[in-house]
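J.: Here is what each chain is made of, one letter per residue.
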Amino acid sequence: MRVWDIVVVGGGPAGLCAAIEAAKNGARVLLIDENSRPGGQLFKQIHKFFGSAEHKAGVRGLEIGLQLLKETKELGMDVWLNSKVCGIYDDNVLWVVKDERKSFQVKGAAVILCTGAVENSISFEGWTLPGVMGAGAAQTMINVNRVLPGRKVLMVGSGNVGVIVSYQLLQAGAEVAAIVEAAPRLGAYGVHTAKVRRAGVPFYVSHTIVRAEGDGKVERAIIARVDERFKPVDGSEIAINVDTICLATGLTPLAELAWIAGCKFVFNRVLGGHVPWHDRYMATSKKGIYIAGDITGIEEASTAMEEGRLAGVSAAAAIGLIDTERLEKIAGEIWERLDALRCGPFGENRKIAKQQVMAGGDEQ
Amino acid sequence: MNMRITKHPILGDIEYDRKVKIYVDGQELEAIEGEMIASALLAAGIKTFRYTKKHHAPRGIFCGIGRCTDCVMTVNGMPNVRTCVTPVEEGMRVETQHGCGKWKEGAGDE
Ligand SMILES: Cc1cc2nc3c(=O)[nH]c(=O)nc-3n(C[C@H](O)[C@H](O)[C@H](O)COP(=O)(O)OP(=O)(O)OC[C@H]3O[C@@H](n4cnc5c(N)ncnc54)[C@H](O)[C@@H]3O)c2cc1C
Ligand code: FES
Numbered sequence: 001m002r003v004w005d006i007v008v009v010g011g012g013p014a015g016l017c018a019a020i021e022a023a024k025n026g027a028r029v030l031l032i033d034e035n036s037r038p039g040g041q042l043f044k045q046i047h048k049f050f051g052s053a054e055h056k057a058g059v060r061g062l063e064i065g066l067q068l069l070k071e072t073k074e075l076g077m078d079v080w081l082n083s084k085v086c087g088i089y090d091d092n093v094l095w096v097v098k099d100e101r102k103s104f105q106v107k108g109a110a111v112i113l114c115t116g117a118v119e120n121s122i123s124f125e126g127w128t129l130p131g132v133m134g135a136g137a138a139q140t141m142i143n144v145n146r147v148l149p150g151r152k153v154l155m156v157g158s159g160n161v162g163v164i165v166s167y168q169l170l171q172a173g174a175e176v177a178a179i180v181e182a183a184p185r186l187g188a189y190g191v192h193t194a195k196v197r198r199a200g201v202p203f204y205v206s207h208t209i210v211r212a213e214g215d216g217k218v219e220r221a222i223i224a225r226v227d228e229r230f231k232p233v234d235g236s237e238i239a240i241n242v243d244t245i246c247l248a249t250g251l252t253p254l255a256e257l258a259w260i261a262g263c264k265f266v267f268n269r270v271l272g273g274h275v276p277w278h279d280r281y282m283a284t285s286k287k288g289i290y291i292a293g294d295i296t297g298i299e300e301a302s303t304a305m306e307e308g309r310l311a312g313v314s315a316a317a318a319i320g321l322i323d324t325e326r327l328e329k330i331a332g333e334i335w336e337r338l339d340a341l342r343c344g345p346f347g348e349n350r351k352i353a354k355q356q357v358m359a360g361g362d363e364q
Numbered sequence: 001m002n003m004r005i006t007k008h009p010i011l012g013d014i015e016y017d018r019k020v021k022i023y024v025d026g027q028e029l030e031a032i033e034g035e036m037i038a039s040a041l042l043a044a045g046i047k048t049f050r051y052t053k054k055h056h057a058p059r060g061i062f063c064g065i066g067r068c069t070d071c072v073m074t075v076n077g078m079p080n081v082r083t084c085v086t087p088v089e090e091g092m093r094v095e096t097q098h099g100c101g102k103w104k105e106g107a108g109d110e
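Chains as they are written, first to last, in this note's numbering: chain E, 1 to 364; chain V, 1 to 110.
Simulated from the structure, these hints should not be mistaken for lab results. It is possible that some hints are incorrect.
Computed footprint of chain V on chain E, listed as stretches where at least three residues anywhere in the stretch have a Cβ under 8 Å from a Cβ of chain V [what the hints assert, rightly or not]:
1) 159–165
2) 262–275
3) 321–332
Calculated pairs, DSBU-like style, for lysine-lysine (alpha carbon to alpha carbon, straight line, at most 35 Å) [as the list claims (entries may be wrong)]:
4) E:K102 with V:K104
5) E:K107 with V:K19
6) E:K107 with V:K53
7) V:K104 with E:K351
8) E:K217 with V:K104
9) E:K73 with V:K102
10) V:K7 with E:K102
11) V:K7 with E:K73
12) V:K19 with E:K48
13) E:K73 with V:K54
14) E:K231 with E:K73
15) E:K152 with V:K104
16) E:K24 with E:K152
17) E:K98 with V:K54
18) E:K48 with E:K152
19) V:K54 with E:K24
20) E:K24 with E:K231
21) V:K7 with E:K231
22) V:K54 with E:K48
23) V:K21 with E:K98
24) E:K195 with V:K21
25) V:K102 with E:K231
26) V:K7 with E:K70
27) V:K104 with E:K70
28) E:K70 with V:K21
29) V:K104 with E:K286
30) V:K104 with E:K73
31) V:K19 with E:K287
32) E:K84 with E:K231
33) E:K73 with V:K53
34) E:K286 with V:K7
35) E:K70 with V:K54
36) E:K231 with V:K21
37) V:K104 with E:K195
Note that the Cβ used here is the ideal one computed from N, Cα and C, for glycine as well.
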């Protein structure tokens, strides 16, 4: 078994920042990701980020990703790609399967879990037909693989992912036939929504998808108005000819490893469900296990990066590389930036939710 | 049918010069070096990757990031390979999978 100071699981924005910060402070770091390229969801985010210059506002996700990869290289840490962490034992020992065929055990004096999230789906008649997919799946296809999953798309869900991916589908040359939203109000930042509106995409609020139709693949979507209890209203169906239906119905933190490790969990609806409890240093209830990014609750790449930095610094402090005074100073600065990012009508809710999690919430 | 996005306002235009050949149900298909199998199939307008065991219902990509296993196919004789996270290789044989698929003898050995 090989031993590192800090092992980071997941190479998305959170994991990259955690690994960089730990390595900068002198830790020997192993970064593990299951994909053939690091970056997590960052390389599909081709839109400009919000916030101040410190938060890299105005810079596109993919550019930030390239910068982070450069830093990881310069710091000379160990990076294992095509490697899945399949288990976690006592004393921070991880079971890793590399290239689908080799099995290893690795140990970190501290472990930082940055495993991200998975898209939610909703089920309806015909939802298994080829052509129905997650909005993130479509985003991956158009921005990373540069192929269109279809030519004419119905987007289900008007939150940030729904409208951002709709706009990116337009940029990629697809037609977005409509965006449906079950709630009576649209769910995304005004800037993103306005761009899609200006492009002439119709929004249907208080509507949902009831059926996907087609011979062996999606050819049509049937949408309907919903009542106050979100039940489709008879006779309100509209048929829209599309070859792709994208579901942007939220994300759930991918927290299996924290469950296996025995971390204490808290349920929080705003953050996407069950999330591991953590303190203001991103430490979980299990000694030596830290978390950052979407695993701690669904947010954005900008917050994931700040949380990653915080976890990296805290883990480095835990193994004696940073003294308490410096840790406090850095943590304070990062919290200022996190608070600044968690503002506005959506951010404020997340800020409160985060405080509830740290306060303990309802223990599960 | 070509579904590739060769022109893009943000990502820029792209020309592919490094290509590989794969075989999909025996048919030769040109793919881009390093791309995922699912991407090569979608680029050619192929959307059905497998049929389910009981109802023989068609399935294609769903999550695109290796989480849901809806996109699995038989690759070089090995069934249940997630095509959305597996890159193409020269001469690769990709087959539409029926049910849980069948292992070809020796597939997956090094
Ligand atoms: C498909 C998708 C699209 C998204 N698009 C947007 C968007 O356009 N805008 C936006 O603001 N937010 C978007 N999000 C939200 C996004 O999750 C955050 O913006 C940000 O990327 C979170 O960073 P992270 O580092 O926590 O997770 P991720 O970026 O998801 O990185 C986690 C990494 O860990 C790896 N991993 C997970 N488990 C293991 C394991 N056991 N072993 C090894 N590796 C593992 C994953 O494969 C992944 O590479 C999207 C999310 C998804 C799932
Ligand atoms: S589409 Fe979900 S695993 Fe490939």
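J.: Decide, hint by hint, whether the structure agrees.
T.: Going down the list of hints, with the structure as the test:
For the region 159–165 of chain E, the proposed coverage by chain V is not satisfied: 0 residues have a C-beta within less than 8 Å of a C-beta in that chain, short of the threshold of three. For the region 262–275 of chain E, the assignment as covered by chain V is violated, since 0 residues bring a beta-carbon within under 8 Å of that chain's beta-carbons and 3 are needed. Under a criterion of three residues with beta carbons nearer than 8 Å to beta carbons of chain V, the stated coverage of the region 321–332 of chain E fails, only 0 such residues being counted. Taking the CA atoms of E:K102 and V:K104, the gap is near 21 Å; set against the 35 Å cutoff, the hint holds.
Between the alpha carbons of E:K107 and V:K19 the distance comes to roughly 40 Å, so the proposed pair goes past 35 Å and is violated. As the CA atoms of E:K107 and V:K53 are separated by approximately 40 Å, the hinted pair breaks the 35 Å bound. Between V:K104 and E:K351 the CA atoms are separated by roughly 53 Å; this puts the pair beyond 35 Å, and the hint is violated. Taken as a hint, the E:K217 and V:K104 pair is honoured in the structure, with Cα atoms around 29 Å apart against an allowance of 35 Å.
About 41 Å separates the Cα atoms of E:K73 and V:K102, which puts this hinted pair outside 35 Å; it is violated. Annotation: proposed proximity of V:K7 to E:K102 is violated, straight-line Cα distance about 40 Å (limit 35 Å). With a C-alpha separation of about 30 Å, the suggested pairing of V:K7 with E:K73 holds against the 35 Å cut-off. Taken as a hint, the V:K19 and E:K48 pair is honoured in the structure, with Cα atoms around 32 Å apart against an allowance of 35 Å.
For the given pair, E:K73 sits about 48 Å from V:K54 by alpha-carbon distance, which is inconsistent with the 35 Å threshold. Simply put, E:K231 and E:K73 have alpha-carbon atoms about 53 Å apart, too far for the 35 Å limit, and the pair is violated. Pair hint E:K152 plus V:K104 does not hold up; C-alpha atoms about 38 Å apart against a cutoff of 35 Å. With a C-alpha separation of about 47 Å, the suggested pair E:K24 and E:K152 falls outside the 35 Å cut-off, and the hint is violated.
Of the supplied pair hints, the one linking E:K98 and V:K54 holds, its CA atoms being roughly 33 Å apart against a limit of 35 Å. Annotation: proposed proximity of E:K48 to E:K152 holds, straight-line Cα distance about 25 Å (limit 35 Å). Of the supplied pair hints, the one linking V:K54 and E:K24 is violated, its CA atoms being roughly 54 Å apart against a limit of 35 Å. For the proposed pair E:K24 and E:K231, the alpha carbon gap of about 54 Å is over 35 Å, so the pair is violated.
For the suggested pair V:K7 and E:K231, the alpha carbons sit about 42 Å apart, so the restraint of at most 35 Å is broken. For the proposed pair V:K54 and E:K48, the alpha carbon gap of about 46 Å is over 35 Å, so the pair is violated. Distance check on the hinted pair: V:K21 and E:K98 sit about 26 Å apart at the alpha-carbon level, within 35 Å; holds. Distance check on the hinted pair: E:K195 and V:K21 sit about 40 Å apart at the alpha-carbon level, beyond 35 Å; violated.
Between V:K102 and E:K231 the CA atoms are separated by roughly 43 Å; this puts the pair beyond 35 Å, and the hint is violated. With a C-alpha separation of about 27 Å, the suggested pairing of V:K7 with E:K70 holds against the 35 Å cut-off. Our distance criterion of 35 Å between C-alpha atoms is broken by V:K104 and E:K70, whose separation comes to about 42 Å. Under the criterion of a C-alpha separation no larger than 35 Å, the hint pairing E:K70 with V:K21 is consistent with the structure, at around 32 Å.
Simply put, V:K104 and E:K286 have alpha-carbon atoms about 44 Å apart, too far for the 35 Å limit, and the pair is violated. At roughly 40 Å between alpha-carbon atoms, V:K104 and E:K73 are farther apart than 35 Å, so this suggested pair is violated. A threshold of 35 Å between alpha carbons decides the hint, and for V:K19 with E:K287 the separation of about 49 Å lies outside it, so the pair is violated. Distance restraint check for E:K84 and E:K231: the Cα-Cα separation of roughly 41 Å exceeds the 35 Å cut-off, and the hinted pair is therefore not satisfied.
Taken as a hint, the E:K73 and V:K53 pair is broken in the structure, with Cα atoms around 45 Å apart against an allowance of 35 Å. For the hint pairing E:K286 with V:K7, the CA-to-CA distance comes to about 49 Å; that exceeds 35 Å, so the pair is violated. Note on E:K70 and V:K54: the hinted pairing is violated, with a Cα-Cα distance of about 48 Å set against a maximum of 35 Å. Our distance criterion of 35 Å between C-alpha atoms is broken by E:K231 and V:K21, whose separation comes to about 49 Å.
The suggested pairing of V:K104 with E:K195 is violated, with an alpha-carbon distance near 51 Å, which exceeds 35 Å.
Against the hints set out earlier in the document, violations occur for numbers 1, 2, 3, 5, 6, 7, 9, 10, 13, 14, 15, 16, 19, 20, 21, 22, 24, 25, 27, 29, 30, 31, 32, 33, 34, 35, 36, 37.
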